[in-house]
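Q: Chains A and B supply the protein sequences, listed in that same order. In terms of my numbering, the first sequence is residues 3 to 114. In terms of my numbering, the second sequence is residues 8 to 121.
Keep in mind that the hints are not guaranteed to be accurate.
[Unchecked claim] Below, a list of computed lysine-lysine pairs in the DSSO-like style, where the Cα atoms sit at most 27 Å apart:
no.	chain 1	residue 1	chain 2	residue 2
1	A	K44	A	K58
2	A	K58	B	K72
3	A	K101	A	K44
4	B	K72	A	K44
5	A	K58	A	K101
6	B	K14	A	K44
[To be verified] Counterexamples of contact, computed for chain B against chain A with all Cβ distances above 12 Å:
no.	residue
7	K14
8	P15
9	G23
10	L26
11	D33
12	S76
13	S88
14	D94
These are calculated hints, taken from the structure and not from any lab test. Yeah, the Cβ is synthetic: ideal placement off N, Cα and C, and Gly gets one too.
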Amino acid sequence: QKEVEQNSGPLSVPEGAIASLNCTYSDRGSQSFFWYRQYSGKSPELIMFIYSNGDKEDGRFTAQLNKASQYVSLLIRDSQPSDSATYLCAARPTGTASKLTFGTGTRLQVTL
Amino acid sequence: SAVISQKPSRDICQRGTSLTIQCQVDSQVTMMFWYRQQPGQSLTLIATANQGSEATYESGFVIDKFPISRPNLTFSTLTVSNMSPEDSSIYLCSVENGGLGQQYFGPGTRLTVT
Numbered sequence: 003q004k005e006v007e008q009n010s011g012p013l014s015v016p017e018g019a020i021a022s023l024n025c026t027y028s029d030r031g032s033q034s035f036f037w038y039r040q041y042s043g044k045s046p047e048l049i050m051f052i053y054s055n056g057d058k059e060d061g062r063f064t065a066q067l068n069k070a071s072q073y074v075s076l077l078i079r080d081s082q083p084s085d086s087a088t089y090l091c092a093a094r095p096t097g098t099a100s101k102l103t104f105g106t107g108t109r110l111q112v113t114l
Numbered sequence: 008s009a010v011i012s013q014k015p016s017r018d019i020c021q022r023g024t025s026l027t028i029q030c031q032v033d034s035q036v037t038m039m040f041w042y043r044q045q046p047g048q049s050l051t052l053i054a055t056a057n058q059g060s061e062a063t064y065e066s067g068f069v070i071d072k073f074p075i076s077r078p079n080l081t082f083s084t085l086t087v088s089n090m091s092p093e094d095s096s097i098y099l100c101s102v103e104n105g106g107l108g109q110q111y112f113g114p115g116t117r118l119t120v121t
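Chain A with its partners taken away, still in its complex shape:
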């Protein structure tokens, strides 16, 4: 079974620090990877996607992909209380057309 795994947390970081969220996936042939942010009571919002090994930066967010280790991470620099949410990692496995496999999410708490 193709799986995406995340630590459920909560991950607690002080305001201004770097939050590091991690995700591993089992399907070595997965093509692209996505990070969604979900506030309590809201639907998931796509914040980053990555498909090449290495880093991809967008503002305070950096997605990192290491296909050899089957590892994806999301770094949030200068964390703000408004970043407190659940972050879902998703992978697009091979042979599944457009379907995504989601992890269970990591809850991030940014403390004052």
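With the hints as your guide, set chain B onto chain A.
A: Coordinates of chain B only, in the frame set by chain A:
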């Protein structure tokens, strides 16, 4: 990204009844999906809504329980039939928009079955 709306945003229903959830997109999209998210859980794909043909259901989900329509490239409905309290959940539609499989979600429908 596409603007997606869902109706209703929430509902409380009695067991044994059915509820139809609508998903409207402001632009034509090829791929539309229906997910369920139970409290404190991640997203579970129910089915892919195919325009002009029957939906493709995931393991554990059947058409009799979750009939889906997709009459055109901007609209889909999901019906939750013969509801039980176990169907209490958030139901989300999503659309694929982008060449790498990026999916964007509607605001969701919070269903409570009593």
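Q: So, against the hints stated earlier in the document, which numbers end up violated here?
A: Violated hint (a single one): 2; every other hint is consistent with the structure.
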